[in-house]
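Student: With the hints as constraints, model all of the structure from the sequences given.
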Amino acid sequence: GAVVSQHPSRVICKSGTSVKIECRSLDFQATTMFWYRQFPKQSLMLMATSNEGSKATYEQGVEKDKFLINHASLTLSTLTVTSAHPEDSSFYICSASAGTGNRDTQYFGPGTRLTVL
Amino acid sequence: AQSVTQLGSHVSVSEGALVLLRCNYSSSVPPYLFWYVQYPNQGLQLLLKYTTGATLVKGINGFEAEFKKSETSFHLTKPSAHMSDAAEYFCAVSEGDDKIIFGKGTRLHILP
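Residue numbers (my numbering), protein chains in the order written: chain B, 1 to 117; chain R, 1001 to 1112.
Since the hints were made in silico from the structure, they are not lab data.
Honestly, I wouldn't trust all of these hints.
Said to hold, decoys possible - In the DSS-like style, the derived pairs of lysine-lysine whose C-alpha atoms are separated by at most 30 Å in a straight line are: (1) K64(B) x K20(B); (2) K1068(R) x K1104(R); (3) K1068(R) x K41(B); (4) K1099(R) x K55(B); (5) K1069(R) x K55(B); (6) K64(B) x K1104(R); (7) K20(B) x K1104(R); (8) K1099(R) x K1049(R); (9) K1049(R) x K1069(R); (10) K1058(R) x K1104(R); (11) K41(B) x K66(B); (12) K66(B) x K1069(R); (13) K64(B) x K1099(R); (14) K1049(R) x K41(B); (15) K1069(R) x K1104(R); (16) K14(B) x K66(B); (17) K1104(R) x K55(B); (18) K14(B) x K64(B); (19) K20(B) x K1099(R); (20) K1068(R) x K1049(R); (21) K55(B) x K20(B); (22) K20(B) x K66(B); (23) K55(B) x K66(B); (24) K1058(R) x K1068(R); (25) K1099(R) x K66(B); (26) K64(B) x K41(B); (27) K14(B) x K55(B); (28) K1104(R) x K1049(R); (29) K1069(R) x K1099(R); (30) K1058(R) x K41(B); (31) K20(B) x K41(B); (32) K1104(R) x K66(B); (33) K41(B) x K14(B); (34) K1068(R) x K1099(R); (35) K1069(R) x K1058(R); (36) K1058(R) x K1099(R).
Tutor: Structural data, given as structure tokens:
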């Protein structure tokens, strides 16, 4: 089946620094990638949707200047948490879809645990 | 707008017993419905999904779910629980676009 990887799996950073998380589709071309955030013992909340070569679409309440998303190629999307603060500590999960919409199956990465000190 | 309600944040069953995880959805159009499983500190793995056609959907690891439009339900079942089934399970709905809306999840505990 389709494989999606994330790097790093865990990251600890100091408050005020920026952190970049990579999401890669290893064996298929991901036209669309999604970024989710999951707080402890809670569900996944969609942060943004990105299509290759275009600007990401952010969900209501998600600061686009704080969570920078780049989808520069069909196999790579990055999420950069800028000026991270302790409240940004969370589990970030990406997913990738090979379709251009219409509810194509999403394949999820293993997640990245971000801890901001 | 679509939404998903999972009844019971924690469910405990004995090993070998029936597993039933409940999910009700709200959707203004025919939905796509999903069940995902998440093991600790890992991403999500698709168990099964309903798109169109047969309302009883079989997935991996012996799980299945039945789409009941009249009840707006998509409950997940497995005839006989195994210790390895202990995990968090998420029901999700998609409604005509790429977005998937997840329920709050149900943690399944398997008692020896």
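Student: All hints are to be evaluated individually against the structure, with a verdict given for each.
Tutor: Each hint tested on the structure:
no. : hint                : verdict
1   : K64(B) x K20(B)     : 14 Å, holds
2   : K1068(R) x K1104(R) : 20 Å, holds
3   : K1068(R) x K41(B)   : 28 Å, holds
4   : K1099(R) x K55(B)   : 16 Å, holds
5   : K1069(R) x K55(B)   : 37 Å, violated
6   : K64(B) x K1104(R)   : 25 Å, holds
7   : K20(B) x K1104(R)   : 27 Å, holds
8   : K1099(R) x K1049(R) : 15 Å, holds
9   : K1049(R) x K1069(R) : 15 Å, holds
10  : K1058(R) x K1104(R) : 22 Å, holds
11  : K41(B) x K66(B)     : 24 Å, holds
12  : K66(B) x K1069(R)   : 41 Å, violated
13  : K64(B) x K1099(R)   : 18 Å, holds
14  : K1049(R) x K41(B)   : 23 Å, holds
15  : K1069(R) x K1104(R) : 21 Å, holds
16  : K14(B) x K66(B)     : 16 Å, holds
17  : K1104(R) x K55(B)   : 29 Å, holds
18  : K14(B) x K64(B)     : 21 Å, holds
19  : K20(B) x K1099(R)   : 23 Å, holds
20  : K1068(R) x K1049(R) : 14 Å, holds
21  : K55(B) x K20(B)     : 17 Å, holds
22  : K20(B) x K66(B)     : 12 Å, holds
23  : K55(B) x K66(B)     : 15 Å, holds
24  : K1058(R) x K1068(R) : 15 Å, holds
25  : K1099(R) x K66(B)   : 21 Å, holds
26  : K64(B) x K41(B)     : 25 Å, holds
27  : K14(B) x K55(B)     : 28 Å, holds
28  : K1104(R) x K1049(R) : 18 Å, holds
29  : K1069(R) x K1099(R) : 21 Å, holds
30  : K1058(R) x K41(B)   : 27 Å, holds
31  : K20(B) x K41(B)     : 24 Å, holds
32  : K1104(R) x K66(B)   : 25 Å, holds
33  : K41(B) x K14(B)     : 24 Å, holds
34  : K1068(R) x K1099(R) : 22 Å, holds
35  : K1069(R) x K1058(R) : 17 Å, holds
36  : K1058(R) x K1099(R) : 23 Å, holds
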